[in-house]
Amino acid sequence: MGTLEEVTVARIAEVEDCSKQWCLAWHHSGGILASCGDDKVVRVWKCTSEPPFLECRTKLDSSHSRAIRSVCFSHDGKFLASASFDSTIVIYEKGEDGEFEETNKLEGHESEVKGCAFSSSDEFFATCSRDKSVWFWQLDEEDDFAVSSILQPHTGDVKFVAWHPTEDLLISCSYDFSIRFYKFDGEDWVTHQHIDDAHDGTVWSAAFDGSGRRLVTVGEDRVLQLWTCTATPEEGGVRNGKWQKAARYTVEGTRWPLYSVSWNNVSELIAVGGGDETVRVLRVQGMEGEETIDEMAVYSGHEGDVNCVLWHPKDPTLLASASDDGSIRLLRIQL
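Just so you know, we're using the working numbering here: the sequence shown kicks off at 456 and counts up by one.
Check each hint, because a few of them may be wrong.
As the list claims (entries may be wrong) - Below, simulated DSBU-like cross-link-like pairs (lysine-lysine); rule was C-alpha separation at most 30 Å, straight line:
| id | residue 1 | residue 2 |
| --- | --- | --- |
| 1 | K769 | K514 |
| 2 | K501 | K549 |
| 3 | K549 | K560 |
| 4 | K638 | K587 |
| 5 | K549 | K769 |
| 6 | K533 | K501 |
| 7 | K495 | K514 |
| 8 | K700 | K587 |
Said to hold, decoys possible - Estimated spans, in silico, between C-beta atoms of each pair:
| id | residue 1 | residue 2 | range |
| --- | --- | --- | --- |
| 9 | V721 | V645 | 29 to 39 Å |
| 10 | I605 | K697 | 18 to 28 Å |
| 11 | V753 | Q607 | 30 to 40 Å |
| 12 | T621 | V753 | 37 to 47 Å |
| 13 | Q593 | E750 | 36 to 46 Å |
| 14 | D598 | T646 | 25 to 35 Å |
| 15 | F508 | V721 | 31 to 41 Å |
| 16 | P506 | V753 | 18 to 28 Å |
| 17 | K700 | V721 | 17 to 27 Å |
| 18 | V645 | Q789 | 43 to 53 Å |
| 19 | E758 | T503 | 21 to 31 Å |
| 20 | K514 | T709 | 33 to 43 Å |
| 21 | G708 | V602 | 40 to 50 Å |
| 22 | P506 | E642 | 52 to 62 Å |
Derived by calculation from the structure, the hints in this document are not laboratory data. Using N, Cα and C, we set each Cβ at its ideal position, and we do this for glycine too.
Model the full structure from these sequences, guided by the hints.
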């Protein structure tokens with residue numbers, strides 16, 4: 456067993472203030488971290504190699520009227536997006552001074568927006584909502600976001616969306632126990648595969664590995680499920696492949712859901728966080744078809760649900776977490 460050591464704690468509010476922190480997003484340089492929560496504020500943090508390690512440099516607090524559930528950066532670092540319970544998505548653009556300012560507000564969802572994500576090419580942007588829909592937006596040459604497709608494949612609240620690391624392939628996770636895969640067929644976005652019983656309960660989050668041929672999901676059933684893609688290059692690769700269950704890991708001794716998962720593309724370690732106030736680091740081991748998932752390290756320092764875990768994009772030993780306890784923490788894995 457290894458250890459997860461606490462590097463720093465950035466406390467947004469005390470536990471009794473109930474300012475839950477919902478989501479984190481690393482800028483792809485690794486030097487900036489964005490956070491959001493119940494207080495309707497997006498914070499942009501500078502990540503440093505010396506104390507205090509996290510320094511809040513910007514507060515974006517005038518764009519949303521309700522809690523902010525999700526944040527994400529575009530891969531080129533030009534845009535920062537936030538998705539809110541007020542049913543809107545706000546796009547912030549990085550100026551010449553390095554600061555982010557609101558430049559666009561995307562509307563159309565009929566209920567709380569739960570997730571947002573940029574595709575690997577930054578050409579497409581996806582959002583999901585309590586209204587059971589997944590929206591695809593396309594970024595044009597003038598940096599405007601236009602609706603490309605609206606799909607409503609789920610029968611319940613859509614909790615999360617994630618893009619494949621290299622292909623225009625999207626996964627959505629839902630309250631209806633299912634996951635859905637979407638691809639662009641040359642004219643429109645279509646549902647490529649639906650898996651109705653992905654988990655025995657709400658599916659909360661998903662993450663691809665660096666190769667894009669493996670995927671993990673986590674859910675209300677306390678399970679981390681590994682999925683593998685069977686497609687060959689001759690069949691068109693993962694865009695046309697089918698996903699199937701492989702190994703699984705169940706957290707024993709608790710009844711609380713797993714809410715977040717992140718797959719480290721360098722070390723291949725998997726971080727999970729959940730309702731038992733714990734961050735776990737796991738590793739998939741073994742040959743394809745014979746995989747096992749083993750626990751490598753545990754951190755129990757949070758005092759509320761762990762809503763988000765996210766590996767640093769450059770340092771494979773550094774992990775960020777966000778919690779109901781109003782804090783953001785940086786943790787370092789030692790194996």
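For each hint, the structure was consulted:
1. K769 with K514: holds, 24 Å
2. K501 with K549: The hint holds at about 15 Å.
3. K549 with K560: Answer holds: K549 to K560 is near 15 Å, not above 30 Å.
4. K638 with K587: holds, 18 Å
5. K549 with K769: Holds, at roughly 21 Å.
6. K533 with K501: holds, 16 Å
7. K495 with K514: Satisfied, since the Cα-Cα distance of roughly 10 Å is no more than 30 Å.
8. K700 with K587: holds, 24 Å
9. V721 with V645: 29 to 39 Å: Distance hint for V721, V645 holds at roughly 33 Å.
10. I605 with K697: 18 to 28 Å: holds, 25 Å
11. V753 with Q607: 30 to 40 Å: holds, 39 Å
12. T621 with V753: 37 to 47 Å: Check failed, 32 Å falls outside 37 to 47 Å.
13. Q593 with E750: 36 to 46 Å: This hint holds: roughly 41 Å between Cβ atoms.
14. D598 with T646: 25 to 35 Å: holds, 29 Å
15. F508 with V721: 31 to 41 Å: violated, 20 Å
16. P506 with V753: 18 to 28 Å: holds, 25 Å
17. K700 with V721: 17 to 27 Å: Given about 26 Å between the Cβ atoms, the range holds.
18. V645 with Q789: 43 to 53 Å: Holds: the Cβ-Cβ distance is about 45 Å, inside 43 to 53 Å.
19. E758 with T503: 21 to 31 Å: holds, 25 Å
20. K514 with T709: 33 to 43 Å: holds, 35 Å
21. G708 with V602: 40 to 50 Å: Check passed, 45 Å falls within 40 to 50 Å.
22. P506 with E642: 52 to 62 Å: holds, 53 Å
Violated hints, listed in ascending order, are 12 and 15; each of the other numbered hints is respected by the structure.
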